[in-house]
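Participant: In my numbering, the protein residues as written are 125 to 375.
Calculated from the structure, these hints are not laboratory results.
Nothing false has been slipped in among the hints.
In silico lysine to aspartate or glutamate, EDC-like type, Cα no more than 16 angstroms apart, as pairs:
hint: 1; residue 1: K266; residue 2: D341
hint: 2; residue 1: K266; residue 2: D185
hint: 3; residue 1: K266; residue 2: D332
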Amino acid sequence: GGAGAFPRGLCHDQKTSRRISCSRGQMIMRQLLAEALGTLLLVCTVVGSGIMAASLAGGNDGVALLGNTIATGAILYVLITILGPVSGAHFNPAVSLVFFARGELTAGLLVLYILVQCAGGIAGTVLAHAMFDMELLNLGTKERSGAGQWLAEGVATFGLITTILGGLRHRPDAVPVLVGLYITAGYWFTASTSFANPAVTLARSFTDSFSGIQPVDMPAFVLAQIFGALVAAAVAAWLFPRALPTDSGPH
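Based on the provided sequences and hints, a complete structural model is requested.
Facilitator: What follows is the structure in structure tokens.
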């Protein structure tokens, strides 16, 4: 999951509670910290809730998936709400790639975003394992392969990007709940349970738990996600044209 393109470039004055200008270096560091922290907490929630749900479900995978779903949708709403104004709340290389393609993210910042998202995601897996007294890193063994799974990841990521871009065009304030609800639905209508995020996919290859994936299956998932994201960006460019300065919405 992840959102994107909230207003950035302002810092928060703790004494006055006002938003103030800050240097470019400070702004970039805050953005990178927000992306790393957000992806860490997202993956920690996905992996940790999967472990907890599986342990409580008594072997019922449907119940375990429901627990995993609720926690993930909830944390996405929280993280996008609090970190969106700082970094855009991407938490997802596919989302960052789309905003780069739209000219809203520089190539240098794109690379940095992807690096911290991947590092934060792996750290999230480590943290979840530590809380449940598991080996900190343990390669996944759950097979997630085949045409249906790859199609599901393309569809899941297409829908995520379309949700983000449509929300930003028409209801920017609703993006956190839109993304949380979309991923909640995606867990259940896609065959892959809607990873829709290369950094999360990488991080989930380091857990041999309910939410894990075999490392060998990861590259195909990532390729499908990127393809779905780019197709969504192209469709959204036509479906949700950017507002002109005098555009007051549909008439």
